[in-house]
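Just so we're aligned, residue 257 is where the sequence shown starts under my numbering, counting upward by one.
Worth double-checking, as some hints may not be accurate.
Said to hold, decoys possible - Derived lysine-lysine pairs resembling DSS-like cross-links, with alpha carbons at most 27 Å apart: (1) Lys399 / Lys429; (2) Lys258 / Lys402; (3) Lys259 / Lys399; (4) Lys412 / Lys282; (5) Lys282 / Lys402; (6) Lys455 / Lys282; (7) Lys390 / Lys374; (8) Lys258 / Lys390; (9) Lys452 / Lys277; (10) Lys259 / Lys402; (11) Lys390 / Lys259; (12) Lys358 / Lys455; (13) Lys409 / Lys258; (14) Lys374 / Lys386; (15) Lys459 / Lys282; (16) Lys399 / Lys409; (17) Lys412 / Lys258; (18) Lys259 / Lys452; (19) Lys374 / Lys259; (20) Lys356 / Lys459; (21) Lys374 / Lys402; (22) Lys259 / Lys386.
It should be emphasised that the hints constitute simulated quantities derived from the structure, not laboratory data.
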Amino acid sequence: MKKNIITIERQYGSGGSNIGKLTAEKLGINFYNRQILEMTAERCGISPEYLENAEENVPTSFLYSLLINANPTRAMEENLPLSDKVFLMESRIINEIAEKEKSFVLVGRCGSYILEEKGCFSVYIYSDTKSRVKRAIEQYNVKENKAESIMKKADKRRETFYNVNTGRVWQDKDQYALCLNSAELGDELCAEIIVKAFKEYNKNAQE
Numbered sequence: 257m258k259k260n261i262i263t264i265e266r267q268y269g270s271g272g273s274n275i276g277k278l279t280a281e282k283l284g285i286n287f288y289n290r291q292i293l294e295m296t297a298e299r300c301g302i303s304p305e306y307l308e309n310a311e312e313n314v315p316t317s318f319l320y321s322l323l324i325n326a327n328p329t330r331a332m333e334e335n336l337p338l339s340d341k342v343f344l345m346e347s348r349i350i351n352e353i354a355e356k357e358k359s360f361v362l363v364g365r366c367g368s369y370i371l372e373e374k375g376c377f378s379v380y381i382y383s384d385t386k387s388r389v390k391r392a393i394e395q396y397n398v399k400e401n402k403a404e405s406i407m408k409k410a411d412k413r414r415e416t417f418y419n420v421n422t423g424r425v426w427q428d429k430d431q432y433a434l435c436l437n438s439a440e441l442g443d444e445l446c447a448e449i450i451v452k453a454f455k456e457y458n459k460n461a462q463e
């Protein structure tokens with residue numbers, strides 16, 4: 257099966273977003289990350305910042321679990337709190353993009369799970385703590401005395417959001433086609449490896 261869409265999950269400070277951008281540029285396809293949040297916010301008529309806060313409040317309700325594993329009606333969905341609706345709304349937008357675009361790069365938002373049936377080449381970017389803290393300070397303008405704390409909180413939020421919404425384990429590398437250590441390889445080489453692996457996989461899938 258060909259996999260035309262590249263999805264990237266990443267640890268905070270590993271450079272996953274930048275690697276995703278570089279990959280998209282090399283392939284000449286669109287890149288999506290925060291744009292999904294912004295598109296969702298626009299559709300809901302609320303600010304991206306407000307929606308981002310709701311996104312961090314991951315759902316735990318029994319009703320939400322039923323909806324995720326079923327096909328919720330609009331009426332049922334409307335009765336959920338915003339924090340419970342974020343994944344449903346973002347999933348809808350991601351699937352709409354997949355219907356319009358044959359190939360693109362998507363970072364985060366449980367992309368590999370949402371687009372699994374459409375065929376996606378899933379990547380996981382990770383790095384050591386020291387390198388991630390350094391990137392947060394130098395590139396994300398995070399204060400040195402807060403960098404490690406922010407990193408741990410961001411990772412926990414991403415892990416919980418992914419695990420709750422997919423029923424899978426975010427850092428389980430067995431579920432990804434490719435896992436790369438950005439501290440060892442660097443962003444540019446990571447992007448080159450993804451592009452090469454992506455092309456080779458699809459070439460073999462056609463044979």
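Hints, verified against the model:
Note on Lys399 and Lys429: the hinted pairing is violated, with a Cα-Cα distance of about 31 Å set against a maximum of 27 Å. Simply put, Lys258 and Lys402 have alpha-carbon atoms about 43 Å apart, too far for the 27 Å limit, and the pair is violated. Of the supplied pair hints, the one linking Lys259 and Lys399 is violated, its CA atoms being roughly 40 Å apart against a limit of 27 Å. In summary, the hint linking Lys412 to Lys282 is not supported, as the alpha carbons are separated by about 31 Å, beyond the 27 Å threshold.
For a cut-off of 27 Å, the pair hint linking Lys282 to Lys402 is broken: about 34 Å separates their Cα positions. The suggested pairing of Lys455 with Lys282 holds, with an alpha-carbon distance near 12 Å, which does not exceed 27 Å. A C-alpha spacing of about 37 Å is found between Lys390 and Lys374, which places the hinted pair above 27 Å, so the restraint is violated. At roughly 37 Å between alpha-carbon atoms, Lys258 and Lys390 are farther apart than 27 Å, so this suggested pair is violated.
Distance restraint check for Lys452 and Lys277: the Cα-Cα separation of roughly 15 Å lies within the 27 Å cut-off, and the hinted pair is therefore satisfied. With a C-alpha separation of about 39 Å, the suggested pair Lys259 and Lys402 falls outside the 27 Å cut-off, and the hint is violated. Distance check on the hinted pair: Lys390 and Lys259 sit about 34 Å apart at the alpha-carbon level, beyond 27 Å; violated. Simply put, Lys358 and Lys455 have alpha-carbon atoms about 14 Å apart, close enough for the 27 Å limit, and the pair holds.
Restraint check for Lys409 and Lys258: not satisfied, since their Cα atoms lie roughly 36 Å apart, outside the 27 Å limit. For the proposed pair Lys374 and Lys386, the alpha carbon gap of about 37 Å is over 27 Å, so the pair is violated. The hinted pair formed by Lys459 and Lys282 meets the criterion: a straight-line CA distance of about 17 Å does not exceed 27 Å. A hinted pair counts as satisfied when its Cα atoms are at most 27 Å apart, and Lys399 with Lys409 qualifies at roughly 15 Å.
Simply put, Lys412 and Lys258 have alpha-carbon atoms about 32 Å apart, too far for the 27 Å limit, and the pair is violated. Distance check on the hinted pair: Lys259 and Lys452 sit about 13 Å apart at the alpha-carbon level, within 27 Å; holds. Restraint check for Lys374 and Lys259: satisfied, since their Cα atoms lie roughly 8 Å apart, inside the 27 Å limit. For the hint linking Lys356 to Lys459, the alpha-carbon distance of about 23 Å falls within 27 Å, and the restraint holds.
Distance restraint check for Lys374 and Lys402: the Cα-Cα separation of roughly 40 Å exceeds the 27 Å cut-off, and the hinted pair is therefore not satisfied. Distance restraint check for Lys259 and Lys386: the Cα-Cα separation of roughly 34 Å exceeds the 27 Å cut-off, and the hinted pair is therefore not satisfied.
Checked against the numbered hints given earlier, the structure breaks hints 1, 2, 3, 4, 5, 7, 8, 10, 11, 13, 14, 17, 21, 22 and satisfies all the rest.
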